[in-house]
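A.B. asks: Each chain, written out:
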Amino acid sequence: KNEVEQSPQNLTAQEGEFITINCSYSVGISALHWLQQHPGGGIVSLFMLSSGKKKHGRLIATINIQEKHSSLHITASHPRDSAVYICAVESQTSGSRLTFGEGTQLTVNP
Amino acid sequence: DAGVTQSPTHLIKTRGQHVTLRCSPISGHKSVSWYQQVLGQGPQFIFQYYEKEERGRGNFPDRFSARQFPNYSSELNVNALLLGDSALYLCASRSGTYGTQYFGPGTRLTVL
Numbered sequence: 332k333n334e335v336e337q338s339p340q341n342l343t344a345q346e347g348e349f350i351t352i353n354c355s356y357s358v359g360i361s362a363l364h365w366l367q368q369h370p371g372g373g374i375v376s377l378f379m380l381s382s383g384k385k386k387h388g389r390l391i392a393t394i395n396i397q398e399k400h401s402s403l404h405i406t407a408s409h410p411r412d413s414a415v416y417i418c419a420v421e422s423q424t425s426g427s428r429l430t431f432g433e434g435t436q437l438t439v440n441p
Numbered sequence: 397d398a399g400v401t402q403s404p405t406h407l408i409k410t411r412g413q414h415v416t417l418r419c420s421p422i423s424g425h426k427s428v429s430w431y432q433q434v435l436g437q438g439p440q441f442i443f444q445y446y447e448k449e450e451r452g453r454g455n456f457p458d459r460f461s462a463r464q465f466p467n468y469s470s471e472l473n474v475n476a477l478l479l480g481d482s483a484l485y486l487c488a489s490r491s492g493t494y495g496t497q498y499f500g501p502g503t504r505l506t507v508l
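If you're matching them up, the sequences are chains A and B in order. Note that my numbering has the first sequence beginning at 332, numbered continuously upward. Note that my numbering has the second sequence beginning at 397, numbered continuously upward.
Hint data in this document are derived by calculation from the structure and do not stem from the laboratory.
Looking from chain B toward chain A, a few residues come up when the C-beta cut is under 8 Å (computed):
| no. | residue |
| --- | --- |
| 1 | GLN437 |
| 2 | PRO439 |
| 3 | PHE441 |
| 4 | LEU484 |
Every residue, glycine too, gets a C-beta built ideally from N, C-alpha and C.
With the sequences and hints as input, model every part of the structure.
C.D. replies: Structure (structure tokens):
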């Protein structure tokens, strides 16, 4: 079992829909990251969380440390949101290296 | 400020050859990490360097090595290339040992 599990693996939505991507992890963490990867490979950091909730524009990230679970929400989705969304954790015992989930491929259709 | 830069962008090698990938972090960032991303999978941690010292190593064979220079730039070296080393190699920098990591565009390595 991977230390970081994401669901769903693939997600197709219509423009304007509310989207949720989930991430579960099995280790104690010091931080959780949500990343966005576009075709071609470039990775952009969206959020870094250690507790609670963060919001940036139409993106919201939440984390529940007790349940070892995080969610990334996209409100009013747009075709330009189409990308792979990756959850990654920094564990308390492995220093500051990131352990990544497999990613969620999001496609938003107009 | 320039972001994290990596060179080369693409590289084609044959089995058994050696390759050197380069990374320049964001100015002022002292920590550099290397990741390997095989097609269709999430990235895997290879190395982390901070202040020119190795701070972590992932589950990769000794054919993989790295170093960090006084200007905090870094090189990843892979010897005796195998077909399975074909991947996108990502470099990320951060100012210290904690905080947001900023990723470079990656080097796509193809081993034939």
